[in-house]
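Please arrange chain B on chain A, whose structure you already have, making use of the hints.
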Amino acid sequence: MDLIDDPQPGENAPEFTVGEISGAVKRVLEGEFGRIRVRGEVGRVVLARSGHMYFDVKDDRNSLACTSWKGQVSRLTVRPEEGMEVVVTGKMSAFGGQSKYNMNVDDVVVAGEGALMAMLDKRRRALEAEGLFAPERKQPLPYLPEVIGVITSPTGAVIRDILHRLRDRFPRKVLVWPVAVQGKDCAPQVARAIAGFNAMTPGGALPRPDLLIVARGGGSIEDLWGFNEEIVARAAGASDIPLISAVGHETDTTLIDHAADRRAPTPTAAAELAVPVRVDLLAWLEGQGGRLMGAAARGLGQRQQRVADLARALPSKDSLLAHPLQRFDLASRDLPRALMRGVERRGGVLGAIAGRLRPQLLLGRIAQGREASAKLEARRGPALSRSVALSRRGLVDVSARLRLPGLSRDITRRKEALAGLAGRLEAASKDRLAREDARVAALGRVLGTLGYHQTLQRGFAVVRAGGAVVTTAQAAQGAAALEVQFADARVNVVPLAEGADTPTTPVPAVPAAPAAAKPKPKAKRAKPAPPEQGDLF
Amino acid sequence: MSETPVNEMSFEDAMRELESVVGQLEGGDVALEASIALYERGAQLRKRCEEQLKAAEEKVAALTLDGDGQPNGTAPLDP
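Protein chains in written order, with full-length UniProt numbering: chain A, 1 to 537; chain B, 1 to 79.
One chain only, chain A, in its complex shape:
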């Protein structure tokens, strides 16, 4: 105990720099704990812009700072959410810069089935409320799909089981879309595979499946977690190709099972849902073929039987014809005789009529007619005389009524009337003549005062040449002959040549023509009046 000098407590303690102690603490933390799992409730979660994630895991008193680097975050199967009960896995470490320790987390799992199931239930209810699982969205599976698309791991028992069962039942074309069936890649790959099969065009380079199977073998709830993700459930719900989900064992129910058109408890069961059993169908077809032929044969047989029965029931040709034949024989035997009888009967009738038809009959009728005619002829003369006598007597009667004295009286009366009318006519004529005479005399007097003849009385004369009045000496000298009108008559004269003195030769007067009165048209019109008056009488 005393062998070693121990001068003062603490003096012998090693002295660290801050850096040394920080490094030592870090080493101790990392070395002492190694890789550990910590359970707790997730507190605040921060995803930094750098991609690193910072979150706390706590219990009711303590808090553990956790970090996940960017590369680790993308590999987390469960993204920590506040309030989630988790078990984080990683290593303890320290950050000297802030004198803090923390845990670097590379895996997060939901702690305990209860918590996980509670979270799943919440998610399921949300999608259910959206109608994603509604029964009316379910499509019927094709009875016999040509191409089956299987979304699963290309290796492992699941695809083998499916192919094996398909081969047993009904070999089909199978397209496998390889996906990760657990881990963080699982959900996006499965969702993309469902959408990718739907995007194939029918008849394209790759045959579009008419049925999809999403399959995975059994595992822990964490292993199956990818099939609980929302994107997977939505992709399955949106698939136009009918989809069978077969994830895990029968007791495991994942979200995709709700969204799928059918849920198979196992991958093998999915293959059984997918196709019918070929040999069964062959047998069925065989049976149908037999029934088809049997029914057809039976139908024919029955008809043949009926035909035969009916044929037997038909009476024979001879029996059908016997009676008509007999009638025919009778009739043909009677025919000639009947003809002869007919002729004979008609001959008798003709004889009877011809017997009555004799010339005597006609002659008798002619004699009768002639007799009647003679009688009528005899009555003709007396009848005519009687008619004339009758007419004559009528004439006498009328003549007797036609008496002369009446007629004479009538004539006398009309003569007197005629004399009266003649007297009145004469008187009226005289009266009218006297009146017109007086008018003519009066008009004559008026004419005398207006005409140029009065002027002639006073010693003037009218000179004319060729009927036109000559009013100048020049014109008179140019004329070959002149006519001079005096009051009593006209004289034709010839104008003297220079110095000659030839007595004018009187020319017998011509009565004043209407043309002579041209220069005095008014007088000319008045002058002919008296002769007109004379014409009137």
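Careful: at least some of the hints might be erroneous.
As the list claims (entries may be wrong) - Which bits of chain A does chain B cover? Going by a derived footprint, with three or more residues having C-beta under 8 Å, they are:
no., stretch
1, 140-146
2, 189-197
3, 328-337
The hints are simulated quantities; they were obtained by calculation from the structure and are not laboratory data. Even glycine gets a Cβ: it sits at the ideal position worked out from N, Cα and C.
Coordinates of chain B only, in the frame set by chain A:
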């Protein structure tokens, strides 16, 4: 009878109609000419079903995916 030509019918449709044809023939109240037509139809349907059942061949391929996870071809699958 369906308007679809028999050789374009799906297995299921052909099967359903074949059943119906057999049923009608077995019922026996079909006129002779109609029953002959029915039988012929049934024979065609049966042939169609048979062809489809015989055409059962297994062909399995896995899709190969490009970098974006899109299919770019197929490869034989040997699970």
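To see whether the hints hold, each was checked on the structure:
Using a Cβ-Cβ cut-off of 8 Å, 3 residues of the stretch 140-146 of chain A lie near chain B, which meets the minimum of three, so the contact claim holds. Proximity of the stretch 189-197 of chain A to chain B, defined as three or more residues with a beta carbon under 8 Å from a beta carbon of that chain, is established by the 3 residues found. For the stretch 328-337 of chain A, the stated coverage by chain B is violated: 0 residues have a C-beta nearer than 8 Å to a C-beta of that chain, whereas at least 3 were required.
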